[in-house]
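Trainee: Please model the complete structure; the sequences and the hints are all you need to start from.
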Amino acid sequence: MTGPTSTATFGAMGTVVSVRTLASGPSGPDAAAAVEEVFARWEARFSLYDPASELSRVDRGELRLAEASEGLRDAYSVALRWRDATAGAFTPHRPDGAIDLNGVVKALAVHEAGLVLDRIAPVGWAIGAGGDVLVSGAVPAAPLPVGIVDPADRSALVGRIDLGPRGRLAVATSGSAERGDHIWTRAGDGPSPFVQVSVAAGDLVTADVLATAIVAGGWEALDDLAGGNDIDVLAVTRDGGLVATPGWPRAAVGFSDAAGARTATPAWGAAR
Amino acid sequence: MVLASAASAAAILGGWQLGAASTSVTAPGISASAGSSGAATAAHGGISADPADGTYAGGVVSTRFGDVQVEVTVTAGRITDVTALHLTDHDGRSVQISNRAAPVLRQEVLQAQSASVSMVSGATYTSAAYLQSLQAALDQAGFR
Chain R
1 MTGPTSTATF GAMGTVVSVR TLASGPSGPD AAAAVEEVFA RWEARFSLYD PASELSRVDR
61 GELRLAEASE GLRDAYSVAL RWRDATAGAF TPHRPDGAID LNGVVKALAV HEAGLVLDRI
121 APVGWAIGAG GDVLVSGAVP AAPLPVGIVD PADRSALVGR IDLGPRGRLA VATSGSAERG
181 DHIWTRAGDG PSPFVQVSVA AGDLVTADVL ATAIVAGGWE ALDDLAGGND IDVLAVTRDG
241 GLVATPGWPR AAVGFSDAAG ARTATPAWGA AR
Chain X
1 MVLASAASAA AILGGWQLGA ASTSVTAPGI SASAGSSGAA TAAHGGISAD PADGTYAGGV
61 VSTRFGDVQV EVTVTAGRIT DVTALHLTDH DGRSVQISNR AAPVLRQEVL QAQSASVSMV
121 SGATYTSAAY LQSLQAALDQ AGFR
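Quick mapping for you: the protein sequence lines, in order, are chains R and X.
Just so you know, the first sequence maps onto residues 1 to 272 in this note's numbering.
Just so you know, the second sequence maps onto residues 1 to 144 in this note's numbering.
No wet-lab data here; the hints were simulated from the structure.
C-beta atoms are modelled at their ideal positions from N, C-alpha and C, and glycine is treated no differently.
Heads up, some of the hints might be wrong.
[Claimed, not checked] Between beta-carbon pairs, the in silico distance windows are:
no. : chain 1 : residue 1 : chain 2 : residue 2 : range
1   : R       : 165       : X       : 67        : 19 to 27 Å
2   : X       : 105       : R       : 190       : 25 to 33 Å
3   : X       : 100       : R       : 115       : 33 to 41 Å
Mentor: Encoded structure:
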């Protein structure tokens, strides 16, 4: 599956979403329009910046959770299951008691958008949403090379992972690399040992939640969650060092050298 | 390898057969290491008091995490390593139990120049930050 690609972007959820399809499929703008519609629905329901959103109404006490839409209750139950699976390192509950589903909503919206693209762009697609990336798993595709931003120099990369092979269809990166902000671990634990954590997984919700949970939970969470989930992890520690799980791609497993000598023109990338 | 409990460990190790064909569900493989002190004499099952050096694969044991088959390395009469050969959860999915993160050199994992990737993953950036991000440059190149 090679050929020129079509890219379109739009703003949603406070960030920018990029949609790529093969030029032989629907046009970039058409695909992006379909994805934008999905995001608009999710934002309308879950945005805490919009006082009229359903979640805002629940958090104000205007709407009882039991009377909320199935979509909202389903998203909440996803977040609760992950709270349990991460021993609380990931949680949809803010300290003030409000429900904040930001940690799952973006990934769930991307997931639903992907289902739409599976129908209209069956030859393959990729969605990037503010640092999260998901690719189509529906057809065998040329791998999508995704760079991992260097938190110390956001114009540079610290690593790369190819999405598509080995069941890794999604990558998410969590952390706070701008302005030296700290991600705080749970009360009393102090700042996270990780400035940034990237997780590659079979789906974006898993990647997103676990990246957040590992930042929040530190070394113990890294060991527990990497051990118990089928994921690859690349973490940047506070002193700029890197730690990675055995499956995270590295030179020893056939990557090109640093000069990129082996890198053929990726099917998804611009020919250079 | 982290075993869930002493009971699980006992269950797993109870399935060991040294030097003899297994009577358990799957036949374990036996491969003596180069340092083996000789063929194990094993007319009986179970771990002998002084097993020969080597690596031994046990039979498949069902645990609450799914089916487990482990490989044990014996050195100088002691178990020096335990590795999972096969582990699935009850949905039949493979579960990695030795997925431990370890330090890695930057030059090992930096395998791309900015120009050779199609998307970038970084901590969530706002719409304003996007404008200066690598992703914006890549998207610009992809508009055609």
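Trainee: Which numbered conditions among the earlier hints are violated in the structure presented, ordered from lowest to highest?
Mentor: Violated: none.
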